Amino acid sequence: MRILVIEDDKDVAGFVVKGLREAGHTVEHASNGRDGLFLAAGEDFDAVILDRMLPGGIDGLRLVEILRDEKKTVPVLFLSALGEVDDRVRGLRAGGDDYLTKPFAFSELLARVEALTRRSRGEGPTTEIVVGDLELDLLSRTVKRAGQKIDVQPREFRLLEYLMRHAGQVVTRTMLLEGVWDYHFDPQTNVIDVHVSRLRQKVDKPFPTPMIHTIRNSGYMLKAEPE
Amino acid sequence: MSGIAAKAAAMRRGRGSRFLRSASLRFALLCAALLGSGALAVAGFVWLEMIVLVDRNADEAIDQDATALISAVNRAPRELWLRALRDEIDVRLDKNANDAVYLLASPDWVVIQGTLARWPDELRGVKGWRTVHIEWFDQGDVQTMLRVLVLRLEPYGYNLLIGRTLQLRGQLIGILPEALTWAIAVVIAMATAGGLIVGRLFRNAIMNVSATALAVSHGDLTQRVRLSGRGDEFDRLAELINGMLDRIGRLMDGVRNVSNAIAHDLRTPIARARARLEDAIAAGRSNEELRAAMERAVSDLDEITSIFQALLRIAEIESGSRRSAFAPIDLAPLLADLADLYGAVAEEKGITLTLSSPDRLPALGDRTLIQQAVANLLDNATKFSPPGGTVSLSARSGAGTVVITVADTGPGLAEPDRARATERFFRGETARHTPGSGLGLALVQAVVLLHGGQLALEDNQPGLRAVMVLPAGPAADAV
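If you read the protein sequences in the order shown, they are chains R and G. 63 is the number that our numbering gives to position 63 of the first sequence; each next residue is one higher, with no gaps. 130 is the number that our numbering gives to position 130 of the second sequence; each next residue is one higher, with no gaps.
This is chain G alone, in the form it adopts within the complex (with noise of 0.2 angstroms):
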């Protein structure tokens, strides 16, 4: 086979095998196989039950001659119970001369009369219900199908066959097999019809699908699956993938999002240090200044880490991997060490920090991720509340929850900078001043987030309230 020739052949055989492997092929050849094999059951059944019932037509009629010649014979005056008998067949003869066979023979098989030539030698010497071929004895080599009855006339030894021909039979036997094929090829052809049509259906609904995830994974977020206005299973698969990809989208902005903000937020104390190196280096004064001046560019890039750190952590929490270090907890005493870390502090500021909490508090969590959002909270609070202020620090258990709260008497958030506190580099219009990332309330809503809790930031006239509620833990039902 020369080279072209044998890459055609590859062609083909690769379009036919793609051709075989696509799913409506299947699905059609499947869907024509079942009716097929249906269509067959159903034809043999319609054949043996015709067969049955002609043979069945047979073996009645048989059965009323032998009960009509039976009776002719004993009926009759005994020494004339032959001629009784063939005049019966005669009259039955005259009768039902189409397809009855009827043969007397002396105990000898010599046939006395009737409509074959001979006994059949194959019926010598039974009895009963019989389905033979036999030779006609007019038609030359023309074989029949009979069914037969052979009785044996007691007292006189006398044999006495009765019988049908199953032309009928025969006929069907012709017809039949023709129809039901062409039946079965019908069913066949319309089954395969139909899966086609039903697999162009699945096809056209899967390329659509298709078609939006291939532009989808070229990278545009923009196209949806198309809805055909139906609301069948297609439709809500759809709606399920449209759902799916808005989130993705929403997802891909937030990420860009605080791209954009840790690129320009990060970009501010790189710039600081930057300055400070190349000013140094610009005045070139005495080491002292140097030296200063390099100081003070290591703490702004300490500074740079810290919040490096920081994002790290919130993206290490919002991924949902800590949940695996859940364990439950009692939140009482972390609480308490919290409020006497920063009661410290607050007092140093002339803040005074109160704490209410139960003596347990069961809570099903990461212990250092709740010690951190808590810090957090208690930090923004000591920061912004006024000498002279109050820290309040309270937590209760609720129905299957635990909620803590943080609540100072500083300056407090506006509406609108409530609702945004918690994005990342957030800072509120107050907070312009005071040193800080604006990430720690983005951690405190991730760490919340992770616990499946939530966190309300409240007006606490003045002040801020930050409510965290986090779910209870198992040991809260034995308490």
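The shape of chain R in the complex, shown without the other chains (with noise of 0.2 angstroms):
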């Protein structure tokens, strides 16, 4: 995928740099919000990651602006300091798509990014979702797994769906939060793991391979085939 950055830190920027070719992507670089703009106005980007304070004249929250007027729709994600409910709300009536406030862990930013670029794609409305052997009906909300039907309570449902619709991508626990139950806080216990363990109960336990993967120090990933 194309990702452009636009960050004046050095240190971060080259970190988020270097993270996101590692991970296989082409990346562009801009370190001011003019440079910034020319570039995200004029190429073509699967996602931009944005910081907000950026000198240059043109800082993070005009800069989306003048790219929806523009009607460029390429996923923002704000990468910011400012962590404040109102400055997250601001961002995202923007025109961002996505918000992570530093400091962030990179595997976060990652996921996040991965997310983006997926729900970008636009998959439209469905009423399945297929992976591997498992298959979720969303109008009669009912999971099947190798043509056998599993129970499972509405959050798991959602949680499931959640997992499904990035199938192949790393989820951390805050998107899960964010995404599932629509808590925007850490929660000091590792809610999240809980849920995740009981849906491994139902969803994995009873087969011969299991789909729901821990990723190690970024969350996890639902995936048809085993490594």
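FYI, nobody ran anything at the bench for these hints, they're computed from the structure. Please note: incorrect hints may appear among the correct ones.
[To be verified] Estimated spans, in silico, between C-beta atoms of each pair:
#, chain 1, residue 1, chain 2, residue 2, range
1, G, Asp-302, R, Ala-146, 38 to 46 angstroms
2, R, Glu-70, G, Gly-398, 48 to 56 angstroms
3, R, Ala-81, G, Glu-295, 19 to 27 angstroms
[What the hints assert, rightly or not] Covered stretches of chain G, going by a simulated chain R footprint (3 or more residues, C-beta under 8 angstroms):
#, stretch
4, 321-333
5, 377-384
[Unchecked claim] Far from chain G, by Cβ distances over 12 angstroms, these chain R residues were calculated:
#, residue
6, Gly-14
7, Asp-35
8, Glu-128
9, Arg-141
10, Gly-147
11, Pro-154
12, Met-164
13, Val-170
14, Asn-190
15, Arg-198
16, Phe-207
17, Asn-217
The model shown is predicted, which means the values in this text are computed figures rather than measured ones. Where a beta carbon is used, it is the ideal one built from N, C-alpha and C, also for glycine.
Please assemble the complex out of the two chains, which come individually in their own frames, going by the hints.
Following this line, the structure appears as structure tokens:
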């Protein structure tokens, strides 16, 4: 994927660019708002990672607003030291698709960017999600694996749906908390782990190959074929 | 003009304008102006009234004369009317020699009898009341003001003038202005003095406040405005300002305490991370060991970050800015979700989590913050309950309030600890060895206060019971 990083802090930018390249992406970098806008408006990217406070006369919020005015729909992830609830709301309202507060773990950033690009590819409304032998019927809200019906609670269904929509991608605990429970804070206990392990009991345990994998220091990944 | 002189003039102007700008002088001038114009109005009124009175007296006397003279003419036999009139004029003249003027003239204004040498030109052919200046026939060029009534005696065609000199009026005009001017001057002087005195009172009161404000703005928060003890408006203002300073002082202390606590509590994880990294460098063993040390250091830093985030969140809540995001919300599904989220955790630990809540729980507030507050309470409850224990989450609508209770069967908190449990970084004796930052209840407290509610920590015998009282939503009335 082709990703544009607009970030003025050299260390953070270097760290992010290097990490994304190692993950197999093509990365362009701009260190101020003007260059960033020039690149973002002129070329096609799969995602933009954008610092909010930028030199060069155009800050992050303004940059996104201009992009959206120009009908550029490239997904934008804000990366900012401004972490108040209102800052987040302002970022999303300006046209950002996700908001990550500094300091951050690279795995979190990578997972979120990859999730963004998947979302932007626009799968449209579907009635069924299939990953390997696992089937999720969104209308009847039923789950089948290898043709065998699995009973899940409503919340477990949504958790599984989220994992399947991001099949093959890492999803972090925070992403699950936001995407499944709509909670925008970090609970001190790892409540997510408990829920994922319950889901595993139902989806993985009765079957020979597990599909929900724990990714160390990051989160979880659901995928069809074992490594 | 030389430079020095110009500078001196500028200084004088500066001093002058500063004096002119002073509020007490303005106040004194305003008093003087108001009272002075009042006095002027009174003086003017007195003046006019005196003149009118004098004129009226003259008119009455003339009227009496006219009545007497005409009745004398009417009483006398027809052929003797002139004789009778002249006699009567003589009688009247004797009586009022001081200020009376009588003049009888033939139809062609030839004087027959009277106190004037000739008929005044300006009174030829006129009838009725007049006020005129006339040259007194036996006093040369002295002018006198006269009030006169001119009559024509029909059917004889003779002219009769009856008048009074307005000497008293002249005298009054001589005395009154001076007297009144003095009176006005005294009033203005006293008003100015009074204004200056009252102004000085105000200025002293204000100087008192501004001296304190100056000291405070220079960093001396111990200064207070002096009270006069009279209990007047100035004292009440002083009390208000002192109360405000007390509150600022307490807040400053709070900030100082929090800063100290932050410095202290962050030092521990930072020291830990530092020690790990230093140890790894010094020992310099295998790659594996280095990697492990670094990973632990990163997680220590993450812990520090999360403490910062919690502190910033509490500060954000306490600043009150989130109040703008308040909206009517139904807490029932929110609590059900939380019970679901923590139910799994509780079950894992062998704890029973129960939920009792009405179907609808309308409230007014910030959804995310209430979520987080209840989550923190559930977090604590599940963390401290022993296996086999019970955590109960219950809610009910009260009079204009929503009461959310989280109770556990853990070790609870000792009475003195309960009072301090909502302070930042406070950790009870039993919590020393469990993970946590000591910020959970501080955040709950901040959220509850933001909503104008109350948080009570009670003894659950055994365990802790946290009771959150929040204001009910607008929909509560409709239910």
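Hint by hint, here is what the structure shows:
no.: 1; hint: G:Asp-302 x R:Ala-146: 38 to 46 angstroms; verdict: holds (39 angstroms)
no.: 2; hint: R:Glu-70 x G:Gly-398: 48 to 56 angstroms; verdict: holds (54 angstroms)
no.: 3; hint: R:Ala-81 x G:Glu-295: 19 to 27 angstroms; verdict: holds (24 angstroms)
no.: 4; hint: 321-333; verdict: holds (count 3)
no.: 5; hint: 377-384; verdict: holds (count 3)
no.: 6; hint: Gly-14; verdict: holds (18 angstroms)
no.: 7; hint: Asp-35; verdict: holds (30 angstroms)
no.: 8; hint: Glu-128; verdict: holds (26 angstroms)
no.: 9; hint: Arg-141; verdict: holds (16 angstroms)
no.: 10; hint: Gly-147; verdict: holds (28 angstroms)
no.: 11; hint: Pro-154; verdict: violated (9 angstroms)
no.: 12; hint: Met-164; verdict: holds (20 angstroms)
no.: 13; hint: Val-170; verdict: holds (17 angstroms)
no.: 14; hint: Asn-190; verdict: violated (8 angstroms)
no.: 15; hint: Arg-198; verdict: violated (6 angstroms)
no.: 16; hint: Phe-207; verdict: holds (22 angstroms)
no.: 17; hint: Asn-217; verdict: violated (7 angstroms)
Of the numbered hints given earlier, the model fails hints 11, 14, 15, 17; all others are met.
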